[in-house]
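Produce the entire structure from the sequences given, and follow the hints as far as they go.
Here is what each chain is made of, one letter per residue.
2 protein chains.
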Amino acid sequence: MTDAYIQDIDRYEGQPVTIRGWLHNRRSSGKIHFLIVRDGTGFLQAVMSKKAVGDEVFTRADHIGQETSIIVTGTVRADARAPGGFELDVSGFEVVSPSADYPITPKEHGVDFLLDRRHLWIRAERQQAILRVRHEVINAVRDFFNSRDFILADTPIFTPAACEGTTTLFPVQYFEDTTAYLTQSGQLYNEANAMALGRVYCFGPTFRAEKSKTRRHLTEFWMVEPEVAWANLDDVIELAEGLVASVVARVLDRRQRELKVLERNTSKLEAVKAPFPRVSYDEAAQLLKDKGLPFEWGGDFGGPDETALSEHFDRPVAVHRYPSAIKAFYMKPDPARPEVALCVDVLAPEGYGEIIGGGQRLDDYDLLLQRIKEHGLPQEAFEWYLDLRRYGSVPHSGFGMGIERVVAWLCGLEHVRETIPYPRMLYRLYP
Amino acid sequence: MTDAYIQDIDRYEGQPVTIRGWLHNRRSSGKIHFLIVRDGTGFLQAVMSKKAVGDEVFTRADHIGQETSIIVTGTVRADARAPGGFELDVSGFEVVSPSADYPITPKEHGVDFLLDRRHLWIRAERQQAILRVRHEVINAVRDFFNSRDFILADTPIFTPAACEGTTTLFPVQYFEDTTAYLTQSGQLYNEANAMALGRVYCFGPTFRAEKSKTRRHLTEFWMVEPEVAWANLDDVIELAEGLVASVVARVLDRRQRELKVLERNTSKLEAVKAPFPRVSYDEAAQLLKDKGLPFEWGGDFGGPDETALSEHFDRPVAVHRYPSAIKAFYMKPDPARPEVALCVDVLAPEGYGEIIGGGQRLDDYDLLLQRIKEHGLPQEAFEWYLDLRRYGSVPHSGFGMGIERVVAWLCGLEHVRETIPYPRMLYRLYP
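Chains as they are written, first to last, in numbering that gives the first Met the number 0: chain A, 0 to 430; chain B, 0 to 430.
Honestly, the hints are just simulated from the structure, not real lab data. A few of these clues could be false.
[To be verified] Here are some, though not all, of the chain B residues that point toward chain A, as calculated from beta-carbon distances under 10 Å:
#, residue
1, V16
2, G20
3, N24
4, T67
5, Y101
6, I121
7, A179
8, G197
9, F206
10, R207
11, W229
12, Y384
13, V393
14, Y426
Computed from a predicted model, the values in this text were never measured in an experiment. No residue lacks a Cβ here, since even glycine has one placed at the ideal position from N, Cα and C.
Printed below as a string of structure tokens:
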């Protein structure tokens with residue numbers, strides 16, 4: 000008897016196999032049980048007739064609860080009506096460990112109820128599909144950069160100073176007398192790494208103490224951040240386009256089954272091909288006004304603004320050259336028009352908003368020092384960062400892409416909380 | 000003129016190219032400058048003759064400091080004596096940004112001096128080689144699991160309770176009235192993920208507030224942790240063997256240049272092939288006694304014990320079945336001999352010590368609850384973990400592998416601090 004995973008079931012047509020898994024659901028009709036078995040790789044209907052297994056086994060199978068762990072043996076049979084194209088004709092059945100009163104039933108549950116039971120909720124077909132898409136997105140991102148000879152250089156989680164703003168920082172007592180802050184972005188370290196290794200990326204968890212409850216924010220989220228020595232704004236817009244197009248194509252290529260479970264309209268994703276439309280902040284501001292939104296030049300786009308902009312295009316849109324005043328201290332001003340910065344945000348379509356933010360970094364020592372002072376940042380903590388402009392400064396650019404937002408968009412989810420196994424939010428630290 | 004990266008220089012023999020990089024080192028002999036240029040992908044000697052570039056450029060090149068950023072154009076020429084097999088005959092030269100009094104010179108510096116300047120130290124050839132090996136190790140690990148259909152499922156960094164011990168936890172104020180702890184291991188969450196997705200791994204930073212200064216510990220380090228539903232101890236020993244052998248083979252295959260820079264004795268690494276020797280804790284204890292070490296049955300191996308054991312074998316050794324009393328609460332006791340646990344540590348050879356720890360998890364609800372109580376852990380915080388034994392428990396096993404220790408071993412380093420771009424230690428939070 001061969002041990003088989005459900006995802007590979009098509010290799011075993013007509014053969015006897017053993018499946019180890021859990022009872023996901025079932026129905027019975029007189030002398031036949033239809034057991035939906037899940038094993039983590041897929042779902043399979045196991046057809047058990049009283050005739051084939053005998054009275055005793057048949058009756059035992061009648062009394063097991065949802066999520067009971069079981070070992071089922073049987074013969075694989077092709078069936079065009081089955082979701083995966085195959086069913087199992089059961090010849091043997093063993094209960095490994097029982098499950099009574101499993102809390103998540105096929106009926107509707109509220110989201111707080113489900114999040115309190117996230118360790119069980121992830122067993123649901125829909126949640127598994129999302130997590131597999133997440134897996135695919137992350138691997139697509141890594142393959143994209145690795146195949147272009149970028150070096151993965153991890154940036155630290157414990158940092159001595161804030162990268163952007165201070166109100167959303169998580170402080171940590173670092174032994175007796177020091178305070179560390181959890182990283183909000185690997186970018187500053189990425190810049191040092193790019194000066195050493197040329198083209199780099201970091202990919203890790205980042206933290207923001209977001210006190211607001213929105214559908215786009217988690218306190219702990221994963222971000223990939225490439226940084227390229229000698230690259231300018233146009234270079235990284237092109238890199239960002241290539242990355243997003245490549246990730247979307249990969250998910251469409253390899254995760255059709257999951258997108259179907261999620262009832263995702265894939266035609267919208269198929270339109271996502273480079274080049275993306277590029278509009279300046281000025282043009283975007285005008286577009287919002289034309290749509291009747293109360294937007295004034297100089298402000299940052301709020302959630303509804305981003306939604307309006309991203310609904311306007313059939314693919315992601317690159318919005319560039321925001322006012323320098325609303326952007327971080329390390330952004331390079333446009334030499335042709337210093338009141339705007341050489342920066343870019345990429346907004347996902349269908350109202351999903353910002354998925355990428357980045358641009359060209361300030362590479363002039365004097366101007367950077369001036370900005371650090373203007374922003375009231377402690378110069379001492381940034382001496383190492385200033386060193387990058389002291390010793391052989393070069394033009395360089397990069398960006399960050401938030402994984403959860405990309406997954407929410409690709410899966411067509413309303414909220415990012417389902418895009419990560421254990422979401423962390425303002426009032427959510429368990430399980 | 001084609002822009003080229005030094006790592007691809009062999010594609011351009013006889014052709015004119017432009018290299019953008021930094022002056023790494025140089026020497027001059029009368030009418031010729033030999034400039035070592037680095038661009039992050041490699042090092043290349045650029046030969047500049049006064050005749051080819053003229054007096055003005057030649058004199059300018061005479062006065063630039065180490066790490067000055069430069070753009071060099073010239074023709075690629077094969078030269079068997081050059082480290083990479085090629086040199087550049089310079090026809091054009093441009094200084095982008097100066098560098099004066101670069102602090103890290105070719106002379107010897109103390110390690111604290113260098114760690115204070117880690118953002119610059121990583122530009123050194125040796126440090127770059129280590130970071131490229133790290134990159135390769137991480138990608139080898141991911142490819143290993145992905146090619147075996149494991150799903151990457153990220154476990155949270157913010158956790159409500161400690162996984163092992165409490166003295167080495169970093170607490171974080173989580174908004175007004177909650178304390179979170181930074182994860183020490185994704186394992187418990189991994190177990191829930193394995194019940195949902197079958198075969199999973201997590202790969203992220205983990206944190207231990209290690210107050211001791213040893214050559215094997217960082218406060219922030221990266222760990223990969225696979226977890227497999229239905230697997231037993233032997234299954235994961237085999238998985239661990241396969242992983243380590245695969246990572247070593249990949250680094251030997253793709254990073255010979257880096258290992259040469261590091262002067263690593265690769266014959267020692269070539270011996271690392273599965274199967275690895277397996278010894279029980281009992282046998283290991285006897286071996287230590289035979290070597291004259293003062294080891295008593297029942298204790299954990301200290302640094303010197305691990306060193307002695309790992310020097311005894313020519314490849315990694317799997318030590319299994321440690322006393323249950325010294326292992327974590329979630330370890331499954333050996334049914335044949337409950338005073339030992341179904342656990343395994345893999346020790347790297349050449350004295351590098353533990354790189355992997357894992358085993359089979361306790362899958363019985365009553366026994367797990369008893370252990371939680373015996374260890375004085377708050378039952379409430381572990382209710383979700385107990386749920387995994389309430390609803391369809393199955394045998395399952397996994398392990399964790401510390402990336403920095405593997406990199407230290409493969410690179411032949413004395414201390415883990417050079418294996419990560421920005422090491423975090425007891426007195427080290429900057430840069």
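The hints, checked one at a time:
1. V16: 14 Å, violated
2. G20: Cβ of G20(B) sits 8 Å from chain A, so the hint holds.
3. N24: At 13 Å from the nearest chain A Cβ, N24(B) fails the 10 Å test, so the hint is violated.
4. T67: 5 Å, holds
5. Y101: This hint holds: Y101(B) lies near chain A, its Cβ roughly 5 Å from the closest one there, short of 10 Å.
6. I121: Result: holds, 4 Å to nearest chain A Cβ.
7. A179: Interface hint status for A179(B): holds (6 Å vs cutoff 10 Å).
8. G197: Holds - the Cβ of G197(B) comes within 10 Å of chain A, reaching about 2 Å at its closest.
9. F206: 8 Å, holds
10. R207: Status violated, d = 12 Å.
11. W229: Hint on W229(B): holds, closest Cβ of chain A at ~5 Å, below 10 Å.
12. Y384: 8 Å, holds
13. V393: 5 Å, holds
14. Y426: 8 Å, holds
Going down the numbered hints, you'll see the structure goes against 1, 3 and 10, while the others check out.
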